[in-house]
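Participant: Add 10 to the 1-based position in the sequence shown for my numbering, that's all there is to it.
These are computed hints drawn from the structure, not numbers from a lab. Incorrect hints may have been included.
Once the Cα atoms are required to be at most 20 angstroms apart in a straight line, the calculated DMTMM-like pairs of lysine to aspartate or glutamate come out as [what the hints assert, rightly or not]: (1) K93 x E163; (2) K226 x E279; (3) K165 x E103; (4) K286 x D229; (5) K66 x E15.
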Amino acid sequence: MNHAEHDQLIKDLEIKVKEGPPLTGFSEPYFKRCWALIKRIGPAFKETHYPNRASKDSAWNRFQNAVEDLKSQQKQWEAMSEKTQVELLKLIENARPLGPTMADLMPPKTEAEAEPGLDSIQEGFKAPPALGKRAQLDACSAACDSALAAFMEAKSRLSHAHFKIVSAKLSEVRKQISKTWNSFNRENLTKAGERKIGREDKNSPWRQKQEGYQRKLADALSNDEACLSSKKGALASFQKTLLSTTDENELKRIRTWIADCEEIIAALETNIQSLKSRLSNTEKQLSPESPV
Numbered sequence: 011m012n013h014a015e016h017d018q019l020i021k022d023l024e025i026k027v028k029e030g031p032p033l034t035g036f037s038e039p040y041f042k043r044c045w046a047l048i049k050r051i052g053p054a055f056k057e058t059h060y061p062n063r064a065s066k067d068s069a070w071n072r073f074q075n076a077v078e079d080l081k082s083q084q085k086q087w088e089a090m091s092e093k094t095q096v097e098l099l100k101l102i103e104n105a106r107p108l109g110p111t112m113a114d115l116m117p118p119k120t121e122a123e124a125e126p127g128l129d130s131i132q133e134g135f136k137a138p139p140a141l142g143k144r145a146q147l148d149a150c151s152a153a154c155d156s157a158l159a160a161f162m163e164a165k166s167r168l169s170h171a172h173f174k175i176v177s178a179k180l181s182e183v184r185k186q187i188s189k190t191w192n193s194f195n196r197e198n199l200t201k202a203g204e205r206k207i208g209r210e211d212k213n214s215p216w217r218q219k220q221e222g223y224q225r226k227l228a229d230a231l232s233n234d235e236a237c238l239s240s241k242k243g244a245l246a247s248f249q250k251t252l253l254s255t256t257d258e259n260e261l262k263r264i265r266t267w268i269a270d271c272e273e274i275i276a277a278l279e280t281n282i283q284s285l286k287s288r289l290s291n292t293e294k295q296l297s298p299e300s301p302v
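Could you build the full structure based on these sequences and the hints that come with them?
Facilitator: Structure representation (structure tokens):
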């Protein structure tokens, strides 16, 4: 190879490195082409005759500067690829379905969130987790779609190795979501069948369970209504006594009793409405005309 041809190869390398990796599209082919050119230029220094030592040293320095610039570019690109991979894997893992049970899919209620006065009713009865599970799976599907969109937008910034890792993880989670949806739909079909049989068969376990729950609701409603009637009577008595009392200490105590009584009455009225709504829903479930 003569020095003019060799010098032209160095210029080609300098131009490529100065332009840098493409702003759009995959960058890995750019680095492969540059390194292929470097492997061609480097060994040729031994067999290429330059007019003088100074011109050869100049060519060598230009070549080394281009190589160092390329190494710096590649280091930055590899760091970006690594960072992009980590971010995409995090998005994908966030889309992974949790467990198949209500406890896994929905966080437990805190003490503040629990409904007052219903502990005895709900003891031994667990509502079907279908709504919680469906909401969770909807969220997983939406998160997976977002992760896929992010992957499609960022894939050109990934190395081939990182691309394969992210693509495989995305495929794995998408399959898991699909499998979980299939399991959920089969479970719902089974429960729907059980409800249909239960409405038609008075001795079915499903119907007996629902009727047991219905009785607990009715008992709780009866107790709350009796308590409400008693509290309203007590409130009327306190209010009557308040009108005929002149002692300041006694008045203060009566006003406190009235405030407490009014608070209990408000809570009971709210709970009674909730119990009535639950009873109505249970009656609809047990009705033969209820849709599956």
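Participant: Each of the hints needs a verdict: does it hold here or not?
Facilitator: These are the hints, each one checked on the structure:
At most 20 angstroms may separate the alpha-carbon atoms for a hinted pair to count; K93 and E163 meet this at roughly 15 angstroms. For the proposed pair K226 and E279, the alpha carbon gap of about 18 angstroms is at most 20 angstroms, so the pair holds. Using a Cα cut-off of 20 angstroms, the hinted pair K165 and E103 holds, with the two alpha carbons roughly 17 angstroms apart. Between K286 and D229 the CA atoms are separated by roughly 11 angstroms; this keeps the pair inside 20 angstroms, and the hint holds.
Using a Cα cut-off of 20 angstroms, the hinted pair K66 and E15 holds, with the two alpha carbons roughly 13 angstroms apart.
Violation of the numbered hints given earlier is absent; every hint is satisfied by the structure.
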